[in-house]
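Novice: Please assemble the complex out of the two chains, which come individually in their own frames, going by the hints.
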Amino acid sequence: MPVLGVESSAHTLGIGIVDEGRILANEKIMYKIRSGIIPMRVADFHARNSAVLLKRALRKAHVGIDDIEAIGYTKGPGLGPCLRVGQVIARTIAVERGLPLYPVNHAVAHIEVTKHLARFNDPLALYVSGGNSQILAIAGEPFRHYHIYGETFDIGVGNMLDSFAREAGLIPAWGTSVEKAALGGSYIEMPYTVKGMDFAFTGLLTHAAKVLSKNSIKNVAFSLQETAFSMLCEATERALLLTHKKELVVSGGVAQSSRLREMLGMVAKEHNVKFYAAPNEFNSDNGAMIAIVAEKMHNFMDKPGLDECTIEQRYRVDKVKVGWP
Amino acid sequence: MAMKMISEGAEARIYAAMIFGINAILKYRQPKRYRIRALDEAIRVRRTRIEARTLITAQGLGVKVPQIVLVGRFGIFTTRINGRTLADILGDNGAKAPAKALADSGRYLAMLHSHNIVHGDFTPANIMVSSNDAKDTYIIDFGLSSFTASAEDKALDLLLMKRSLSHNDFQVFASSYKAHCDDSDAVLERLRDIERRGRYQTRTLAV
Chain F
1 MPVLGVESSA
11 HTLGIGIVDE
21 GRILANEKIM
31 YKIRSGIIPM
41 RVADFHARNS
51 AVLLKRALRK
61 AHVGIDDIEA
71 IGYTKGPGLG
81 PCLRVGQVIA
91 RTIAVERGLP
101 LYPVNHAVAH
111 IEVTKHLARF
121 NDPLALYVSG
131 GNSQILAIAG
141 EPFRHYHIYG
151 ETFDIGVGNM
161 LDSFAREAGL
171 IPAWGTSVEK
181 AALGGSYIEM
191 PYTVKGMDFA
201 FTGLLTHAAK
211 VLSKNSIKNV
221 AFSLQETAFS
231 MLCEATERAL
241 LLTHKKELVV
251 SGGVAQSSRL
261 REMLGMVAKE
271 HNVKFYAAPN
281 EFNSDNGAMI
291 AIVAEKMHNF
301 MDKPGLDECT
311 IEQRYRVDKV
321 KVGWP
Chain B
326 MAMKMISEGA
336 EARIYAAMIF
346 GINAILKYRQ
356 PKRYRIRALD
366 EAIRVRRTRI
376 EARTLITAQG
386 LGVKVPQIVL
396 VGRFGIFTTR
406 INGRTLADIL
416 GDNGAKAPAK
426 ALADSGRYLA
436 MLHSHNIVHG
446 DFTPANIMVS
456 SNDAKDTYII
466 DFGLSSFTAS
476 AEDKALDLLL
486 MKRSLSHNDF
496 QVFASSYKAH
506 CDDSDAVLER
516 LRDIERRGRY
526 QTRTLAV
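So the protein sequences, as listed, match chains F and B. Mind the numbering: the first sequence is residues 1 to 325 in my numbering, read in order. Mind the numbering: the second sequence is residues 326 to 532 in my numbering, read in order.
Isolated chain B (complex conformation) (with noise of 0.2 Å):
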């Protein structure tokens, strides 16, 4: 099977694949030589896990997500969205974010916190405009999701966020989310709470 790397993160390898005739994308967790060889597979094995389990729930709540082909201990074969991430879109001179992307993106994260989701790294890069005319919105990147209730996870995801757009997109985005989230109140009250703790009064977005 050739495969060509189409890009490269601080934690995974991303691979254009064909696989079972679908035109997929491997996403591979490659080893850190800097960490010991148990620790390093216990987090990579462990992440390749929650990434696939989160998907699929995703899937089933109905979250826009790419869909499981194959999953190893340290890959997942998924299949590819064709399309920009938001961060690109914003990215661009003058752009402004698509108001649909926004609101699907806030319903989206509101559908994954009600059913105690936490996304982990919910920032624009991690938002898909798909290129077809429905210009659908996915999620990706569920690498450092985590099943939990905790509030204060919940209030992370907002925060990156909220670091990372204007303040009118993130309204947009905020009151989408309200509107769609069974516990919108108490999370939001722990994002005001977070922003008030010493550490983060002076923090903005990086770059």
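In isolation and in its complexed conformation, chain F is listed as follows (with noise of 0.2 Å):
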């Protein structure tokens, strides 16, 4: 029976289908933004777009309200008011049709979607994303999570990377900007910051916004994220010694650059490891992820009060139990 998830944490509202592992629907709709994001105004926008969305999903997947069995949506990391509509649109539908609500951790669902795609079994995942910046794999008996083994020490590289192009002035201000910046560039120094398996990013904006105004856009761009994604790189090529893990997954926004899957896929190469990047709708927001980890709760786990169903600006991912297989 078909299972719904609701994904509302940033600019994008996500509703997806998934059935037995299927994915039935993945519909989607995003706040369309120039530079920066106001909370209040796009939970409005997910607020309005709401009803229309979940018609559509229903109708891609071929199913009606009735067939859905259970209901996942996103408790959080995320944006409080954003947050809020999807879990308020999710609860509102479990309550009047009686069915079980599962609160979902966003960063567990981006990797788990993953996963998923790839048939992988225990990958060691690397999760970039605008507001966080982790390696992560399943590890903890008997409390299972997804163990931290290396993090940023401030800002998630999507967020560095959305700063420059604001600084830079690349519209819109984000990765994919600084990513066709940088094609053709040449390389200057930067400061590199690796601590073990952790990585700082502030320093690296820093610097490069200074120098800006001395260097072309183009050079700096790509030095950057030559610099960022290496760090990245490194950070994860020695978590993977650490764990032995034989399996490697990139999840999040970040993860649809196209130079960090290629130098990532180098790293999986020289260690026979294997590698799996999603496609693009899988690593942007969506709903079908949350859909397919409350798939998962609903067939393992016991089902959630009322009163765990709230919403958490600052989930920690390692605060999850991961109750499945």
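Don't take every hint at face value.
Label pairs and their computed distance ranges (CB to CB) [to be verified]:
id, chain 1, residue 1, chain 2, residue 2, range
1, F, Leu183, B, Glu333, 30 to 38 Å
2, B, Ser332, F, Met30, 44 to 52 Å
3, B, Ile347, F, Lys269, 36 to 44 Å
4, F, Pro39, B, Ala363, 39 to 47 Å
5, F, Pro39, B, Ala504, 45 to 53 Å
6, F, Pro304, B, Gly387, 54 to 62 Å
7, B, Ile519, F, Lys210, 22 to 30 Å
8, F, Asn280, B, Leu386, 50 to 58 Å
9, B, Asp518, F, Pro39, 21 to 29 Å
10, B, Ser475, F, Asp122, 35 to 43 Å
11, F, Pro39, B, Asp508, 36 to 44 Å
12, B, Thr404, F, Lys210, 38 to 46 Å
13, F, Lys210, B, Asn493, 42 to 50 Å
14, B, Ser471, F, Asn272, 28 to 36 Å
Capping the alpha-carbon separation at 25 Å, the derived lysine to aspartate or glutamate pairs in DMTMM-like fashion look like this [said to hold, decoys possible]:
id, chain 1, residue 1, chain 2, residue 2
15, F, Lys319, B, Asp518
16, B, Lys329, F, Glu270
17, F, Lys274, B, Glu333
18, F, Lys55, F, Asp19
19, F, Lys195, B, Asp518
20, F, Lys214, F, Glu179
21, B, Lys421, F, Glu141
22, F, Lys319, B, Glu520
23, F, Lys195, B, Asp478
24, F, Lys214, B, Asp365
25, F, Lys269, B, Glu333
26, F, Lys60, F, Asp19
27, F, Lys218, B, Asp365
28, F, Lys195, B, Glu520
29, F, Lys246, B, Asp413
30, F, Lys210, B, Glu366
31, F, Lys269, F, Glu247
32, B, Lys487, B, Asp510
33, F, Lys218, B, Glu366
34, F, Lys180, B, Asp365
35, B, Lys487, F, Asp154
36, F, Lys195, B, Asp508
37, F, Lys321, B, Glu520
38, B, Lys503, B, Asp518
39, F, Lys319, F, Asp154
40, F, Lys55, F, Asp67
Just so you know, these hints were derived from the structure itself, not from any lab. Treat the numbers as computed from the prediction; the structure is a model and nothing was measured. No residue lacks a Cβ here, since even glycine has one placed at the ideal position from N, Cα and C.
Specialist: Here is the structure:
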């Protein structure tokens, strides 16, 4: 029976429908940004579009609302006002229909959908988004969870790329614009901060913004991107050697970067590790990934009470119990 | 010169080598194909240089470290320490950390920090206990070290140890550190700060 997933942690409202792991619909609508986002405005946008998007997803999946067996939504991490809209949509349908409701962690969903599509069992995951950059793998008994082996000391790599795009006047101000601007650039030295399996990006951002006045945007963008991605690859390589994992995935918004995928592919090949990155519709925020995890929770875990179905802006990935295989 | 690879890390390969009649090891930073060449060489040269410089400075301070024999662009020959890492000793079932190694490493880290040297990867894997009778403690792998007065960077050296050791072992290590560091209050205060920050509240040691 189909499971519905609602994602609304940032500028994307996504509704996905899955049935026994098959993705029947993954509809999304995105608040258009030029530079930065104002949470309340985005929340309004999500609220306005929710009914239309729900209809679109049901139509695409060829299921009726009566066929839905369980519902999942993003509990966090994310922007409070935006998360609230998704939670209210999911909760309202669940309560009205008497369906079980599952709160899903956004990062877990990104990794799990990638793992699902790759048909991997136990990968090391590099999760790279705007707010977060972490290296994780499932560990720990009896509390099985995504253990964080390494992460950013300050800001997420996506946030760093977005901020640089704004400084350089690139529009829209996000990573894809930096990747385009970097084409054909040449390398100028940048600060490179890796500590064991952790890394930091603010020093790099500040330096890149500073040298913009004396160098072409192309060269600065190129050097910034190469430096940031090399840092991520080095930390990931160290985690691979430490954990001896034989599978590697990259997920999250920045996983859309073809250059980052190429570099991680080389890291994996060097150590005879299988590597997978999902199609971009699953790396940008989407509802299908929430539905995938909700279905696993529905099949393998206890049904949570409604009082547990809250939102949490800083919902840590390592606080989530992974109760499915 | 015949060399036998004895270990391979993420960053460097370690070879056993005889050089100038000395029983040495070579730490060679191999190229990384995923990095563009200019960046790759810059990082390898920079780290090799910093490592050589901190090794020499540390030795001058009286911290036991491998002795430099020869330095190249991407590699350093040092004397070979016969012994085991503290991580290996801890890894043995039921093995306790030797108190001397904990106290020595606390004192050595304090000496380094007092002269604004931050190790950058101060874990039990980079502390060696020699197999001679004196059971001397050596600090190895200065590949991520830096010269800085930053309390934050110093606190991160302590944080790595805190995550790696049992509560009691860390207390032995930290009290030795406190007794020998000029500015331990500021560093320990910063360590508490770092642990209070959201990102680190629930994080424990890997594996």
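Novice: Against each hint, give a clear statement of whether it holds in the structure.
Specialist: Against the structure, the hints come out as follows:
Evaluation of the 30 to 38 Å hint for Leu183 (chain F) and Glu333 (chain B) yields a pass: the beta carbon distance comes to about 35 Å. Between Ser332 (chain B) and Met30 (chain F) the beta carbon distance is about 49 Å. The supplied range of 44 to 52 Å therefore holds. Hint check: Ile347 (chain B) to Lys269 (chain F), Cβ distance near 37 Å, so the stated range 36 to 44 Å holds. At roughly 41 Å, the beta-carbon separation of Pro39 (chain F) and Ala363 (chain B) lies within the given 39 to 47 Å, and the hint holds.
Checked against the given bound of 45 to 53 Å, the beta carbons of Pro39 (chain F) and Ala504 (chain B), roughly 50 Å apart, stay inside it. For Pro304 (chain F) paired with Gly387 (chain B), a C-beta distance near 59 Å keeps the hint of 54 to 62 Å intact. A C-beta distance of roughly 26 Å is found between Ile519 (chain B) and Lys210 (chain F), which places it inside the suggested range of 22 to 30 Å. One distance hint, 50 to 58 Å for the beta-carbon pair Asn280 (chain F) and Leu386 (chain B), holds here, with the actual separation near 53 Å.
Checked against the hint of 21 to 29 Å, the pair Asp518 (chain B) and Pro39 (chain F) passes, with Cβ atoms roughly 28 Å apart. One distance hint, 35 to 43 Å for the beta-carbon pair Ser475 (chain B) and Asp122 (chain F), holds here, with the actual separation near 38 Å. Checking the proposed 36 to 44 Å range against Pro39 (chain F) and Asp508 (chain B) shows it holds: the Cβ atoms sit about 42 Å from each other. In this structure the supplied range 38 to 46 Å holds for Thr404 (chain B) paired with Lys210 (chain F), their Cβ-Cβ distance being about 42 Å.
The hinted window of 42 to 50 Å between Lys210 (chain F) and Asn493 (chain B) holds, with their beta carbons roughly 47 Å apart. A C-beta distance of roughly 33 Å is found between Ser471 (chain B) and Asn272 (chain F), which places it inside the suggested range of 28 to 36 Å. This hinted pair checks out: Lys319 (chain F) and Asp518 (chain B) have alpha carbons roughly 21 Å apart, not beyond 25 Å. Restraint check for Lys329 (chain B) and Glu270 (chain F): satisfied, since their Cα atoms lie roughly 21 Å apart, inside the 25 Å limit.
Of the supplied pair hints, the one linking Lys274 (chain F) and Glu333 (chain B) holds, its CA atoms being roughly 20 Å apart against a limit of 25 Å. This hinted pair checks out: Lys55 (chain F) and Asp19 (chain F) have alpha carbons roughly 17 Å apart, not beyond 25 Å. For the hint linking Lys195 (chain F) to Asp518 (chain B), the alpha-carbon distance of about 18 Å falls within 25 Å, and the restraint holds. Taken as a hint, the Lys214 (chain F) and Glu179 (chain F) pair is honoured in the structure, with Cα atoms around 20 Å apart against an allowance of 25 Å.
In summary, the hint linking Lys421 (chain B) to Glu141 (chain F) is supported, as the alpha carbons are separated by about 23 Å, within the 25 Å threshold. Pair hint Lys319 (chain F) plus Glu520 (chain B) holds up; C-alpha atoms about 16 Å apart against a cutoff of 25 Å. The suggested pairing of Lys195 (chain F) with Asp478 (chain B) holds, with an alpha-carbon distance near 10 Å, which does not exceed 25 Å. Taken as a hint, the Lys214 (chain F) and Asp365 (chain B) pair is honoured in the structure, with Cα atoms around 23 Å apart against an allowance of 25 Å.
Simply put, Lys269 (chain F) and Glu333 (chain B) have alpha-carbon atoms about 16 Å apart, close enough for the 25 Å limit, and the pair holds. A C-alpha spacing of about 13 Å is found between Lys60 (chain F) and Asp19 (chain F), which places the hinted pair at or below 25 Å, so the restraint holds. This hinted pair checks out: Lys218 (chain F) and Asp365 (chain B) have alpha carbons roughly 20 Å apart, not beyond 25 Å. Taken as a hint, the Lys195 (chain F) and Glu520 (chain B) pair is honoured in the structure, with Cα atoms around 16 Å apart against an allowance of 25 Å.
The straight-line distance between the Cα atoms of Lys246 (chain F) and Asp413 (chain B) is roughly 24 Å, inside the 25 Å bound, and the hint therefore holds. Of the supplied pair hints, the one linking Lys210 (chain F) and Glu366 (chain B) holds, its CA atoms being roughly 24 Å apart against a limit of 25 Å. For the proposed pair Lys269 (chain F) and Glu247 (chain F), the alpha carbon gap of about 11 Å is at most 25 Å, so the pair holds. For the hint linking Lys487 (chain B) to Asp510 (chain B), the alpha-carbon distance of about 16 Å falls within 25 Å, and the restraint holds.
Straight-line distance between C-alpha atoms of Lys218 (chain F) and Glu366 (chain B) comes to about 21 Å, which keeps the hinted pair within the 25 Å bound. Distance restraint check for Lys180 (chain F) and Asp365 (chain B): the Cα-Cα separation of roughly 22 Å lies within the 25 Å cut-off, and the hinted pair is therefore satisfied. Between Lys487 (chain B) and Asp154 (chain F), the direct Cα distance comes to roughly 21 Å. Compliance with the 25 Å bound is thereby established for this hinted pair. Among the hinted pairs, Lys195 (chain F) with Asp508 (chain B) is consistent with the structure: their alpha-carbon atoms are about 22 Å apart, no more than 25 Å.
At roughly 22 Å between alpha-carbon atoms, Lys321 (chain F) and Glu520 (chain B) fall within 25 Å of each other, so this suggested pair holds. In summary, the hint linking Lys503 (chain B) to Asp518 (chain B) is supported, as the alpha carbons are separated by about 17 Å, within the 25 Å threshold. Only pairs whose Cα atoms come within 25 Å are accepted, and Lys319 (chain F) paired with Asp154 (chain F) is accepted, the gap being roughly 20 Å. Proximity of Lys55 (chain F) to Asp67 (chain F) is assessed by CA-CA distance (about 14 Å); at most 25 Å being required, the pair is judged to hold.
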